[in-house]
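Following UniProt numbering from start to finish, the sequence shown increments by one per residue and tops out at 106.
Note that these hints are calculated values from the structure, not bench results. Where hints are given, some of them may not hold.
[Said to hold, decoys possible] Derived CB-CB ranges, DEER-like:
1. Gly90 / Ala24: 36 to 42 Å
2. His65 / Ser30: 42 to 48 Å
3. Lys20 / Ser84: 23 to 29 Å
Beta carbons are placed, not taken as given, at the ideal position from N, Cα and C, and that holds for glycine.
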Amino acid sequence: MAGNQRVYKQRIRSTQTLQKVFRAMELIASSRIGQARRNAQEASPYDHALSQAVAALGSYSRFEHPITQERTDTNRVAILVVTSDRGMAGAYSATILRETGRLIEE
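Could you put together the complete structure from these sequences and hints?
Shown next, in the form of structure tokens:
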């Protein structure tokens, strides 16, 4: 009986320890979210200016540049892959790389 009681106490302690770890992770994540929101708000004027510049270019119908023209020879294609370099992203990077490989094989 005493052995079971020791096991239960150990489980309770490990649960309490995990609870502290999860709480710390939650606090770190909430501070990062706040920082990301501030960064997004600070970048808003640049986003607006870039959107206006692209809209102005798009409205100019006689704008001819090789990068804006549709190509007929599609032997070469460039793929830009963006993944996470941090932990806590789950299977995000693996999924992106798997889908990129599938796209390349097509």
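Exercise. Among all the numbered hints in the text so far, which are the ones the structure does not match?
Worked result: Checked against the structure, the only hint that fails is number 1, while the rest are satisfied.
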